[in-house]
Every structure is written in C-alpha cells, then in structure tokens.
Amino acid sequence: MTYVPNRREFLRNLGLSAAAMPFVMNLPSLGFANQQARKQRLIVMFSPNGIVPNTFWPDQEGEQFTLKESLTPLEALKSRTLILNGVCDKVRGDGDNHMRGIGCLLTGIELFPGNIQGGSDTPAGWSSGISIDQEIKNQLQKSPETRTRFGSLEFGVMVPDRADTWTRMVYSGANKPIAPIDDPHQMFAKLYGRLKDQESLKSVLDELQDDLRTVSAKLSSSDRQLLDEHATLVREMEKELQSAGDLTSQHVIPELGARVKEENDNIPTISKMQIDLMVNSFVADFARVATLQYTNSVGGARMRWLKVEEGHHELSHKPDTDASSQEQLTRINKWYCEQLVYLAQRLAETPEPGGGGSLLDNTLIVWTNELGKGNSHTLDNIPFVLVGNGLDFKMGRSIKYPKLPHNRLLMSLAHGMGHRIERFGNPDYCKAGVLPNLT
Amino acid sequence: MGLHPPLAALFVSLLDQFLPRTAQSQNARSMLYPPRWLRCFGLCLLISWQSTAICAAAEERSGEQIYQQLCASCHGARGEGDNKNYPQPLAGDRSVTELSQYIEKSMPEKEPEKCVGEDAKKVAAYIYDAFYSPIAQARIKPPQIELARLTVRQYRSSIADLVGSFRPAESWTTDRGLRAEYFKNRRMRTEDRVLDRVDPNVKFDFGESVPEPDEFDPVEFAIKWQGSILAPETGDYEFILKTDNGARLWINDNERPLIDGGVKSGKEDRIETIRLLGGRVYPLRLEMFKSKEAKEKRAAISLKWKLPNRAAEVIPQRYLLPQRFPETLIVETPFPPDDRSEGYERGNSISKAWEQATTDAAIEVSAYIATHQREFAGSRNNNGRNNGGERRGRQRENNKDAPNANEDDGEHRNKLREFCVRFAERAFRQPLTDEQKQLFVDRQFAEAGSTDAGLKRVILLVLKSPRFLFRELGNTGNVSYDVAARLSFGMWDSIPDDILLKAAADKKLASREDVQNQAVRMLADPRTRSKLREFLLQWLRVDHLTDISKDSKRFPDFNPAIVSDLRTSLDLFLDDLISSESADFRQLLMSETLYLNGPLAKFYGFELPADSEFQKVSFEPSERAGVLTHPYLMSGFAYTSTTSPIHRGVFISRSVLGRSLRPPPEAVAPLAPDLHADLTTRERVLLQTKPESCQTCHSMINPLGFTLEHFDAVGRFQREEHGKLIDSTGNYLTRAGEQKQFAGVRDLAAFLAQSDETHTALVTQLFHHVVKQPIRAYGIQTPDELRKQFAQHNFNLRKLIVEIVTQAAMTERGAKTDVTIGQAADKINGS
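Protein chains in written order, with our numbering: chain A, 64 to 502; chain B, 267 to 1097.
Take the hints with a grain of salt, since some may be wrong.
Computed Cβ-Cβ distance ranges for the label pairs, DEER-style [unchecked claim]: (1) A:Glu-299 to B:Asp-700: 28 to 38 Å; (2) A:Arg-298 to B:Ser-361: 26 to 36 Å; (3) B:Val-580 to A:Asp-273: 47 to 57 Å; (4) A:Ser-284 to B:Lys-773: 28 to 38 Å; (5) B:Arg-452 to A:Glu-299: 51 to 61 Å; (6) A:Glu-412 to B:Glu-538: 41 to 51 Å; (7) A:Gln-272 to B:Ser-361: 29 to 39 Å; (8) A:Gly-419 to B:Arg-452: 55 to 65 Å; (9) B:Ser-437 to A:Tyr-405: 51 to 61 Å.
Result set (BS3-like, lysine-lysine): computed pairs, CA atoms no more than 27 Å apart in a straight line [claimed, not checked]: (10) A:Lys-239 to B:Lys-572; (11) A:Lys-131 to A:Lys-381; (12) A:Lys-281 to B:Lys-768; (13) A:Lys-239 to B:Lys-558; (14) A:Lys-302 to B:Lys-618; (15) B:Lys-618 to A:Lys-265; (16) A:Lys-259 to B:Lys-703; (17) A:Lys-102 to A:Lys-457; (18) A:Lys-281 to B:Lys-407; (19) B:Lys-618 to A:Lys-253; (20) A:Lys-239 to B:Lys-570; (21) A:Lys-281 to B:Lys-508; (22) B:Lys-533 to A:Lys-153.
Simulated from the structure, these hints should not be mistaken for laboratory data. The structure displayed is predicted, hence computed values, not measured ones. Glycine residues also receive a C-beta, built at the ideal position from the N, C-alpha and C atoms.
Construct the complete structure from the given sequences, taking the supplied hints into account.
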C-alpha cells in the first residue's frame, strides 16, 4: 500500500507546534503549499435480486483468478478489482429478506416493526439506523478540508415512485430514509440549478441598475442615501457573480440533452446520464460520497434491450435447473457489470482536478445487491465487487471469507475513508473489527 | 468680556428645545431629546456659564463660547451654515481628533492662529456633540416619515399574498373542524365511502374495533381528513402524528407529504416542523389506513401540534376548518433581523446580508413560479395542482408542471407574459406604463433563451426592484396608489389586494371617508387580527418570556403543560378582546375573568371539573385585575422560586405607562433570598435598591411592582410570606407631579385604566407597531389627538387601529399633516 502523508501528518512528523503552522503553511519550499489533502471518494452501486453464483464468483482465491461470465466486462480493470465472497448479511428481525436485504445492507441494523408486509415474514418498517454512506458523509462534512457542497449525492435509475422498505437503501438516521433522485433532470437542477439562476441574475443586473437610477432620480438627496446603498450592494453582487463565474467556468456545466421519459426501455440512457452527472459532480467536488441505486429490491426491470422479456424479479425466482433463466439472469448481471465498468472507466479517464492521477485513483466503487441468490433469498454471500483505488485496499484479488458479517465490511469502508469507528449497526456483528486481509 | 445678547438668545432657544413639554409622553420625548441629566446639565451650564462669562478670564472659555465667538458668524449658531457663503451644514463623520486637527490648521479661515491647542480641541468636542456627529444629527433632526424598505415580516407577507393573488380566493365561514371521509377499505374510492362528516379534531382510538361497527368490515378501513389549518401566529410549528397504523399528513403542500408515514415503522411519533405565517390558513390533509395484517390489530390516531414555546396538544377545533384553502408560498430564505432599536421593527437600513437575502428569496420565488407556471398562467396541462393530488409517495419535482412536448407553445407564452405584467403590477402596487411593460416583461422574454428563462428573469427583476422592496418611494404619479399601499402595509403588513388597487384606479381613495371605509373593510381580515394580537403580546412583553420554568421543589406541579395552558388562556383572552365589538382596551386592566381549563383550575384553586375545556371563570375582583395579574405574566415576571417586583414594576413603567428607563448603571445580581431568610421579598428589594444611584429609577419601579406582591412565582394568590402578611401597597408619581397611592393591584389597575399616560403610551406604541414610522412625524400633536379620540371612542382598539392607519395613509411623505383625527373611528359603527 502506498501511503501519502497529508499535510497535517507531515507537520506532525516534523515536530512543529501548532503555533508554527501558519508560517510553515506559507513556505512553498516545503512543497506542500498548494497541495490539498487527497480527495477520497466512495460510491455504492446497487442492483437487485441476487446473482447466479456459478457465473459470478471466481473459482480461485488470490491474485490469480479468472473472471466468470457475469464479470467479464471487468477484464480491463481486473488489476483494480477486488471480489469479496463470503460476506454475509447476518441482520435478522422483522421484514422479509428482500426488505432486510436492502434496508440492512448499508445500515447493518434491524428494521423497526411496522406495517409493510413482505413475502411470508413479519411486517416491518424502516431501518433503525443510519447507513454507512451517510455516516461517512457526516464525518467528512465536519471538517473544512473534506466538506463539500452536498456531502453526498443519491442517484437512482428507475426507482419506483413509492416510498417503502424495498425502495430505500440510504438512511440519514433511524426512520429517515433518503429517496434517491432517479430523474437526471431533477439531479441536474439540484447540481447546477443555482448556477443557472445566477446566470439569469447576472443578465438582469444592468436593467436593475437602470431602474434604481430612475427611481432614485425622483427622490430628494437625503432620501437617496438608502437607494444609493442598495445600488452599491447590487454592484458588489455583480462583481462577486463575475468572479464566481470565472471560478465555475473551470467546471464545464454538462449538457443534459432532451428530457428522457422515465420508463423501462430508457434504463440504459438514464443510467449513462446519471453516471455522467456523477462524474461531473466529482470534478466540481460537489460531493465525496455517492450512491447509485438501480430500480429497487425486488426490482422488476424488463431488459428488452438484452432480449430478456421477463421481469428481473420473476426470473430470479426460477429454479437453478432452468438453464434458460440462469442464462438470462447472467446476462442481466453482466449488463449491470457493464454499468459498473462504464462508471469506472469514466473515472479512470478523468484527471483528478488539482492533483495527480485520475478520479479512479481516489475513488472506490462498491457494487452490491440485497441478496446472495434470487431463488433462495439467501443473505449469505452478498455480492461485493470493489473497483478503484480510493481506499488503499489491495486490489486485483479474489477473496473468500468464512461467512463474516457484512457489518465488518461497512466498518472497513469507514476506516478506509479515515473514519475510525469501532462499531457500526448492530454491535454484535462488529466485535472482531474490520474485515481482515483488505489492505 | 460681556455676554452677547444673541448668545443668550441662543441658549434660551436651546433650552426651549431641551425643556420638557409637559403634555408630551416621556417615551416619545426620549427619542427626540437628550435624557434628563443632559437637560439638567444644560441648565447648570447656562447658569454657570453666564456667571463665568461675566466675570471669568478668557482662558477659561468653553468650546461653545469659542465657537460662538469665532465660528458662528459663518457657520451659524448651530452649525447650520448661512444662506450665502457657507450653505453646507456642519455635519459629517470625522472624529473629534480629526476635527480638532483641522481646526488647528485651517480655522477660522485666514486666521487659524486664533484657535489652536486646547481651544481647537474644545471647539471640536463641542461641535461634535452638539450637532456635527451623526448621533447629534439624529438627536436634533425633527422626526420625519422615512423612506423604508419592507421589514422582514412585510416581505414574507407580501410574497405570500403576491403569489397567492393568482390562486382562487376563498372566503371564510365560521365552520370549524375537518371534513372526515371513512372508507371500508384502503382504496379510498368514493363508492367505498361509508361516512362523510365533520370531526372536531383528530384524536381517535378505535382499539381492535372500527369507527362504526355496523358499516365496516372489522379488519380493513381508511379515513381521510381534509380542510385547512389556521396559524394564529408566525413561527415554527411542530406537527406530531401518533398512530398505530399507516398515515400521511400534507400541510400547505398538496403533493409532498410533510409526514410520510405510509410505512409504519416502530413505535415513535412522527414529528416534522414547518414554518407558518400568522393570521393565515393552510390546506391540510391527513390519511390513515388500517391493513388486514394479523399483526396490525389496533387502530388509533392523533394529530397534535406544538406552537412556539408551547407544549404539544391535539390541534384544537378552533384552528381547523373543513374548507380547503389554496397553498401559500412561504419564503424559506433566512433574512437578517430588522432594526428594533426604537421598540418596533423598522426598515430604515440595509446591509449586505439583507441584499443577499432578497436575492436568494427572489431566486426561490422565481423557481417556485417556474415550477407552477402553468397554474399561474392559466394554461392547459395544469397537472391538477390544488385538486388535492392523490399521488402517493415522492413527487417528481420536475415533472410536476413540466410542459409537455412543446415548451414554447405560443399560447402559453402569451398567457405567461400577461401573468408577468400582473405580477409586476401587484408587486409594485400600481399599473405599469407601456415603457415599464417593455422593460420589465417584454425585453426579458425577448432576450432570454427560453420561455422558462424569460419568466425567471422577470421575477428576479421585479423582486429586486426598489419599487417592490421599498415603501414610501412616493412620486409614483398617482397618489391613490400610494394611499392604497400605506393602507395595506398598515392593516396587513402586506401589499394591497385587488379591491384596493381597483379603488386606487377609480380614484376612490381621495377622500378621508373613502380611506376610512377601506380601513374598516380591512379590519375584518384575519391578518389585521393577527397584527393586533402580536401587538398586544409585545405590549405585554410576552416575547421576553421564553422560558418559564420554576423551582421543582417549591412548585412540583408547575410543569410545561401548565405553562402552555396559561399561554393559551392568555391568547384566548386577547382573541376575545380583539374580536369583540367593543374591543375595550381597559378590559386588559380591569377584567374580572380569566380563561381556565380543568388542570389550570385545579392548580390555581378554582372550582371546575377536571376535564373541563377552556372557559371564562370569574375571580374575586379585589384579588386580581385583568391580564395585569394573569398567572402567565406573573410567572414570567418572577424568579424561579420568588417573585420579582422589579421585573413587574419595569413592565408597568415601560409598557403600560410608557416611561423610559435606562439600564442599571451596573449589572446587579439579585440578593439571594436564603441569605436574608428573615426578609420578605419587598424588604429585600428595598434593601438592594437603597443606594441613591438606584433610586432615580427604582423609586418609580419598586412601588409599582410591589402592588403585585400577592402573586407568587407561579402567579397564585398568596396572603403571606415567611409568616408575614403581604404588603401590596404602592404608589406612583405622575408626569404631572401628582402622587398616587394604591392599596393593591385593583387600585393600580383602576388608575392605569383611566390615566392619560397609559393611553398615550398605548396609542404611541400601537402607532409604531402598525405604521413603522415615528408617530411625531405625522404632527407634533398626533399622540395627544389620537389619545383623545381613543378616549372618546371608549378605548376601542379596533377603532384606534382604523384611525391610526387612516391618518398614516392620508399623509404623504414630506408633507405636514393637517388631517383632523377622529372621524375614522365613527365609521366602524356607522358603516
């Protein structure tokens, strides 16, 4: 693992007191003057209904392994990929496995009892804890060096327009699910709407000044004072907008193109738009944490563009002996893998602003799922495929763990992002600490 | 050297300025004149200086003497300059040091050696304090109607009404409660409805049963409550939804639920906060559904709210209406607070923070309007806003009002353009000229890339224009529109409605009678009631009483619920007073009743069944008097375990009598009761305020506060303290120099209720609250004239506000008033 000391650690190592800091900070000869701490990022990508184990998990462990059919799109990124088998969602309690699968996936803690009735288990409500992405985001937002405009961004693709346990993965706290934004135009408005407004504002300032002069001219000189102050402040605002405009011009506001209707067949287009927006928002440093949720737990996308006519969830219930379904499910997961690869490649080809390397050098993508396998509804062997070098995990490997609780992986993600928590979610599953053998 | 006659004349005139005019209120005077010590100092100065001037040597000259000798011939006796060579008044922002250096070097012109060293310093110090500095200028400047920006309250109300004016107007009925529809399953279709009635509020526990066992299948049902909610005051409201089942609550947003409890999750109550403006109604919808699931056996629901500084309570029926009102836009952008240095919110200064806030708010409003553009323009594809949108779950913001295929369809664009013209006219409180239509609307649409961008540009330009942001710009061409605006800001703190604008267009705001008629009409609006209520709460200093908690050992039963109920009791009394025909101000002091409910009655020793709702209860008139002895105020103006005659006395001096009190010369901690266990509170206060420096104010404060000594720290009547009988005698030296004696609070109340001092103070304070301009800018006699009118009309607060607003509306800025006060109030009964 390569370890680059940040500026504070560097100073600590030099033995400089806090009082000396301001002086040191202004000494360019130390070579750190304009260097910001490394911008680490974390992305969680979700796809539903489990996977087909024998077309997904590599047979081998270690650095020498062969990618199976579902994961073949990762070939070019193999050295930057880490496949974790044997990580299990051990959280039990109320709710069916699909509900707990997504509701406990990032929270690692039980669902509240409630009125949402799943398959055969007891009804349940929302998760009783915060999700790891929000936990990390809160930590990053605490410090000025890592604080960003949004902290985290929650993307979705074709998430059904209803709020229930199956459609929510991210929680800002107990009983506080966060809805992903699955309309790229809505996301665009969130990211860039303000800049657009400033453009509008800039364009009316001249007329505003004219209007002020007209009104002011009718007033006595002593009355004019208040309006003069107003005019001065408007001029100041104009200057600030000007300089802010210069700054923002470094980040190109992406062109979004025509509005895309949110419907099943547009999933590939929406997916690409959302990924492009996410990469752009990283370039602008709007956030360091993001999630990307495809449909929902039990999601029923019909991937007609893959010649799969049946809904995903329906297919996932078919027995292992149904070869055609297994093949179609493999195709579906391979398509999700392609989305992962598109995201990773966009990050890899985008230089890190103000630093060396690419965005992918500082970003870790975690691709996961609410189930291990669709027809058994197991919460064992939840797929966790990690891509990118953001967390200094040792990549290019296939690891098989002896059924360790996924809370430990969630803790590892926090530690990797510099947030050294000792437990996360249900503490019973955290006792042994972070997952071994990652770094 | 002898005394120059002109110099003596000057001092006489100076003193004339400084000396009290006995008929005027101390409060108003304190804004204009230096405090009493300075006036005394002026007198001393005159006496001593005359003697020095006659006999003392030249080297003892004061700064003022030097100024009059060397400078006044050109600069004028008070730095006003002369009309020929020195027209500029001596006023500016240089420091005393800078002034003295300048004088040393350059003054008097051509003979600077005549005034150097100590003399220069003395002159500089003199002119600085007497008239040069901005503070001195403010002191000597006569009060005038100021050009002012909208206060924050006015801004928020104006936006709410501006946007709301494009939505259907609803008129009020007296119906209260919520429309309740009960369905026999969760689908809530009309054909599944088994009950349609009005429920007084939402507080139900159906247990394992159903609302009407004959009508329902016992396992599954749903209920929809609809209507509106009235917010009595401005602030953050917490809504608390408690249910065993699934439920959703919408408030002031028909699409996005405030509480989305469709997923029942855990046992906790769902709580969300929303900011509401007082005196307005907001649409409300609540849906609950019990499912068939075996686990979900029980059904229960309650909808509570928690007003600022109050305990949570089931929303009372009087705040619920079965009618549905349209949504109101409440600007969320935070604003810096207004200047309240003169005791009322004023828009007399602007800052960068304010500028930024108005910009952010303009962007917020433009986004809201763009989203709802089809509704406002009245175009097709309205997407059913305000139809109670039954869509579940998360809304899709961008799709909500999204134009369909063809965004720039010509018809919509034209309608939008018309909307923009009307929007600007309502915001500016007057019609646009053709030239202005061109500038504010047409050019924006022409230059913007899309209809959407054009619309946003118009909104930004209009809401940033001084024509919207400032009041009293004057010179608008048509005086009637200025009158309309003054009327509406006076009565409502908001822009004129269509009726006022039409009256202005028809030149029906020219006569005093026309203006009065409008003011009387506007009195019926809940916004006026809210404004009066806020005033009375300020007059009672309730805004100072944010934490009323008591020593739990001494008063174990005095819990937050009691405090909250007390506040409700006070509110009910004030609401009663404001809405009653007589609206007699004296009732605040003299009333012999109190609103109590079961718990309050028990706590304060009145006979009421434990579960009683609030009702008027008569008390022993010799013990209590109006709201003066209201337990909420008595607890508020008290320490945690003992009373505070000082807090109570300050309230009566400042608020009720309008006396100005300076802060104490040093911060003083009250003497600890346990260190003086043998003393009563009265004795302890007397001991602490014995020093001469305290007595200047405390000789007035203490004997007023002592009259309330019968009310302990929670406002209960007490007869003795430490085994000694309570002494509640007091006194007051009136401004006219008459010593009044009071045997107790009833005596005091009777004195206050008939005292000119009380009436002048009230009139002045209400004027400032309503008009937000200095009262004396409307004529030096205005407070007195209004007071007389107030008395003639039996101290009717409603007539008073009409009178105040009528007079203010008829007064152009910069013009002296000669309007006769008094006719307005007759209007209310007459019309």
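Tested hints:
Distance hint for Glu-299 of chain A and Asp-700 of chain B: a CB-CB separation of about 33 Å, consistent with the stated range 28 to 38 Å. Checked against the given bound of 26 to 36 Å, the beta carbons of Arg-298 of chain A and Ser-361 of chain B, roughly 28 Å apart, stay inside it. Our hint of 47 to 57 Å for Val-580 of chain B and Asp-273 of chain A holds, since their Cβ atoms are close to 55 Å apart. In this structure the supplied range 28 to 38 Å holds for Ser-284 of chain A paired with Lys-773 of chain B, their Cβ-Cβ distance being about 31 Å.
One distance hint, 51 to 61 Å for the beta-carbon pair Arg-452 of chain B and Glu-299 of chain A, holds here, with the actual separation near 57 Å. Evaluation of the 41 to 51 Å hint for Glu-412 of chain A and Glu-538 of chain B yields a pass: the beta carbon distance comes to about 44 Å. For Gln-272 of chain A and Ser-361 of chain B, the hinted distance range of 29 to 39 Å is satisfied, since their beta carbons lie about 33 Å from each other. Distance hint check for Gly-419 of chain A and Arg-452 of chain B: the Cβ-Cβ separation is about 58 Å, which falls inside the suggested range of 55 to 65 Å.
The hinted range of 51 to 61 Å is satisfied by Ser-437 of chain B and Tyr-405 of chain A, whose Cβ atoms lie roughly 58 Å apart. Distance restraint check for Lys-239 of chain A and Lys-572 of chain B: the Cα-Cα separation of roughly 21 Å lies within the 27 Å cut-off, and the hinted pair is therefore satisfied. Pair hint Lys-131 of chain A plus Lys-381 of chain A holds up; C-alpha atoms about 21 Å apart against a cutoff of 27 Å. The hinted pair formed by Lys-281 of chain A and Lys-768 of chain B meets the criterion: a straight-line CA distance of about 25 Å does not exceed 27 Å.
With a C-alpha separation of about 26 Å, the suggested pair Lys-239 of chain A and Lys-558 of chain B falls inside the 27 Å cut-off, and the hint holds. Of the pairs offered as hints, the one joining Lys-302 of chain A and Lys-618 of chain B holds, with about 13 Å between alpha carbons and a cut-off of 27 Å not exceeded. As the CA atoms of Lys-618 of chain B and Lys-265 of chain A are separated by approximately 17 Å, the hinted pair is consistent with the 27 Å bound. Proximity of Lys-259 of chain A to Lys-703 of chain B is assessed by CA-CA distance (about 24 Å); at most 27 Å being required, the pair is judged to hold.
With a CA separation close to 18 Å, the supplied pair Lys-102 of chain A and Lys-457 of chain A stays within the 27 Å bound. With a C-alpha separation of about 23 Å, the suggested pair Lys-281 of chain A and Lys-407 of chain B falls inside the 27 Å cut-off, and the hint holds. Proposed proximity of Lys-618 of chain B and Lys-253 of chain A is supported: the alpha carbons are some 26 Å apart, at most 27 Å. With a CA separation close to 21 Å, the supplied pair Lys-239 of chain A and Lys-570 of chain B stays within the 27 Å bound.
Simply put, Lys-281 of chain A and Lys-508 of chain B have alpha-carbon atoms about 59 Å apart, too far for the 27 Å limit, and the pair is violated. Of the supplied pair hints, the one linking Lys-533 of chain B and Lys-153 of chain A holds, its CA atoms being roughly 24 Å apart against a limit of 27 Å.
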